[in-house]
Amino acid sequence: MNNSVRTVSDAKRAFYGTHTRPINSIYRRVVEELMVEMHLLSVHQNFVYDALYALGITTTFDRFMQSYRPESDVAPIFSALCSSVGLDSAKVRSDSERLLGALAGASWEGLLKGDVSGELGTVMGQVQNNPNFKYSRLFAIGAYRVMEEIDADALKDNEKFKTAVEAVATTLKLIPDKVQKDLELYRGNLDKLNAAAVAIADTIAADRKKRAEREQERAAAAEKAEKKDETTAV
274 MNNSVRTVSD AKRAFYGTHT RPINSIYRRV VEELMVEMHL LSVHQNFVYD
324 ALYALGITTT FDRFMQSYRP ESDVAPIFSA LCSSVGLDSA KVRSDSERLL
374 GALAGASWEG LLKGDVSGEL GTVMGQVQNN PNFKYSRLFA IGAYRVMEEI
424 DADALKDNEK FKTAVEAVAT TLKLIPDKVQ KDLELYRGNL DKLNAAAVAI
474 ADTIAADRKK RAEREQERAA AAEKAEKKDE TTAV
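According to the working numbering, the stretch in the sequence shown is residues 274 to 507, in order.
These aren't lab readings, by the way, just hints derived from the structure by calculation.
Do not rely on the hints blindly, as some may be mistaken.
Stated by the list, open to error - Derived lysine-lysine pairs resembling DSBU-like cross-links, with alpha carbons at most 30 Å apart:
| id | residue 1 | residue 2 |
| --- | --- | --- |
| 1 | K407 | K465 |
| 2 | K364 | K446 |
| 3 | K482 | K465 |
| 4 | K386 | K435 |
| 5 | K433 | K465 |
| 6 | K482 | K497 |
| 7 | K285 | K465 |
| 8 | K454 | K435 |
| 9 | K465 | K429 |
| 10 | K433 | K451 |
| 11 | K285 | K407 |
| 12 | K407 | K364 |
| 13 | K497 | K483 |
| 14 | K482 | K451 |
| 15 | K483 | K364 |
| 16 | K386 | K407 |
| 17 | K386 | K429 |
| 18 | K433 | K446 |
| 19 | K451 | K386 |
| 20 | K285 | K435 |
| 21 | K407 | K429 |
Unchecked claim - Between beta-carbon pairs, the in silico distance windows are:
| id | residue 1 | residue 2 | range |
| --- | --- | --- | --- |
| 22 | R481 | R371 | 39 to 45 Å |
| 23 | V309 | I448 | 54 to 60 Å |
| 24 | E488 | L313 | 48 to 54 Å |
| 25 | N403 | L463 | 26 to 32 Å |
These numbers come from a predicted model, not from an experiment.
C-beta: ideal position from N, C-alpha, C; glycine also.
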């Protein structure tokens, strides 16, 4: 038995040892679930890091954390998340951005046919030729982000979305239904979190308004009392 394999507890300890500031509860669950997923992949014998996986990480993190406050904590949280599973956050960002930048000229039709070149073509070829490829939800989200970059409008049509997912999954020798379910869950969870974030923002705004109104009332009462005292003194 290899006792040197890192555990989920090791990853969490590393994360909270690096990022010591408290994390809003609704987002803490998102970060920890992402951390566990990334950790389990990192210790799997068949897992191979690639740019699509990196893009899946950055896409998931950025979209789920887009309403996080204070905003200045977002980058440190991402850095701690990556380092907790042995990744360099700067490299993950760089790989993601480079892949997106290499999509210029890519077509929707070409993607569906698997006729792609550049880094995306290289990554897809490596997946196709790896019989032991370890599929992950984050890899699927990376592929989804590529589809968005090429033609975001096409994904708004549910039938085109399903057709695209099936075509890309088949090209990569993945199970279409599995990829479909993972992406539908991702989109659904994102919608729920965004709705929750809006509700939280509305609640905070309402609380601030109430506090401001109470402050104004107290100030007005104090001013009235002061004037009354002045009148009495005269």
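Quick rundown of the hints versus the structure:
1. K407 with K465: holds, 28 Å
2. K364 with K446: holds, 27 Å
3. K482 with K465: Holds, because 26 Å separates the two Cα atoms, which is no more than 30 Å.
4. K386 with K435: Holds. K386 to K435 sits at ~15 Å (cutoff 30 Å).
5. K433 with K465: It holds: about 23 Å lies between the C-alpha atoms, which stays within 30 Å.
6. K482 with K497: holds, 22 Å
7. K285 with K465: holds, 25 Å
8. K454 with K435: holds, 10 Å
9. K465 with K429: holds, 17 Å
10. K433 with K451: With a Cα-Cα distance of about 17 Å, the restraint between K433 and K451 holds, given a limit of 30 Å.
11. K285 with K407: Holds, at roughly 23 Å.
12. K407 with K364: holds, 21 Å
13. K497 with K483: With a Cα-Cα distance of about 21 Å, the restraint between K497 and K483 holds, given a limit of 30 Å.
14. K482 with K451: Given that 30 Å is the threshold and the Cα spacing comes to 46 Å, the pair is violated.
15. K483 with K364: With a Cα-Cα distance of about 45 Å, the restraint between K483 and K364 is violated, given a limit of 30 Å.
16. K386 with K407: holds, 22 Å
17. K386 with K429: Cα-Cα ~20 Å, so holds.
18. K433 with K446: holds, 20 Å
19. K451 with K386: Measuring from Cα to Cα gives roughly 20 Å; hence the hint holds.
20. K285 with K435: Violated, because 36 Å separates the two Cα atoms, which is more than 30 Å.
21. K407 with K429: holds, 29 Å
22. R481 with R371: 39 to 45 Å: holds, 41 Å
23. V309 with I448: 54 to 60 Å: Because 22 Å falls outside the window, the suggested range is violated.
24. E488 with L313: 48 to 54 Å: holds, 50 Å
25. N403 with L463: 26 to 32 Å: Since the Cβ atoms of N403 and L463 sit about 29 Å apart, the hinted range of 26 to 32 Å holds.
Violated hints, listed in ascending order, are 14, 15, 20 and 23; each of the other numbered hints is respected by the structure.
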